[in-house]
Amino acid sequence: MKTTLKIFLFLVVAFGFSATAMAQSATATATSTVMTPIAISKTVDMSFGNIIPGGTTGTVVLTTSSTRSVTGGVTLPPSGNAGTITSAAFTVSGTSGASYAVTLPSSDVTLTGPSSNTMTANTFTSNSTGTITGGSVTLSVGATLNVGANQVAGTYTSSNFTVTVAYN
Amino acid sequence: MKKFIHISSFLCWIILLCGNLSYAQTSINAHASAEVIQALTATEGAALNFGRFSPESAGGEIRLSPDGIRSSTGSVALGGGLYNPAIFNISGQPDFNVVVNLPSAPVLLANSSNGKTMQVTNWESIPASSASGIKIQSSGQLTLNVGATLKVGNMNDNPVGLYNGTYAVTFSYN
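Sequence order for the protein chains is V and R. This note's numbering puts the first residue of the first sequence at 3, with every later residue one more than the last. This note's numbering puts the first residue of the second sequence at 114, with every later residue one more than the last.
Simulated from the structure, these hints should not be mistaken for lab results. Predicted model only: the values in this text are computed from it and were never measured. Do not rely on the hints blindly, as some may be mistaken.
Covered by chain R, per the in silico footprint, the following chain V stretches (three or more residues, Cβ under 8 angstroms) [what the hints assert, rightly or not]: (1) 44 to 57; (2) 67 to 75; (3) 85 to 97; (4) 109 to 123; (5) 131 to 137; (6) 140 to 149.
All residues carry an ideal CB built from backbone N, CA and C; glycine is no exception.
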């Protein structure tokens, strides 16, 4: 960003010179590669699935490949009662071969459930390779859910969290 | 004319730069959700009680069915008094399937005064533990009745007295 601003200022100065030096102008060619604007769209929201709280706190780690593991007092029901388990999925499109960076939420995302009970999600992870191949790539995002001791049963949903992509 | 070219090429640069500025990064929002389900808990509402009986000469078996019907084989004579199947009160997530595991090996009942024992086998339940889907009711509750068969020896093997023991029934989400 700062670099871009500097170039802009430089060009303004150059323009000033070229205007005054009109009488001895020279021509030159400028080349520029126009990149396809980088874009991101959401395919699937993140879902931690069904979890069973325990008498002590615990966490559910949701990987970018939609698998789960637990720590602490949390247990997971068997597959028949596991619910919907999916990491968040996005499609990132842009210029093939371009490298890009992903910015994930750095602070806690709050999930709110019945009677204003809450849980937080943090430690977001992505499977980004850092390069857009073939015009678009799928970006998966996982996170860690923090579950309280005897967390009240019910459905918990977060407000929006933001994922940002940018060309490097 | 040359000035015009300069100005227009300069404008092109600005447009290109501005274009890159606007599209160099972009964001999207998403949601996260999770479902916390009721932990499965079970309490014993009533202890399994085969009641009073007399083994008589040869002994035999007493079957106490999960619905509370008592029958005997061999020389066992059933007596009066209370008898009842075990009742377990389970609470959990409504409409979720649970698996019930009854004792698979015989459970021993022992007489604390003389050390004599009796075996309890053929554990059975209502709803049946073999049923593929025992489901927690929409109220979040489930009642499970458990019965079994008591193997009784003769008067020497099982003299008069109180016999008791413990056994485990496990419940888990399927």
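Going back to the hint list, which numbers does this structure go against? Hints 2, 5 not satisfied by this model.
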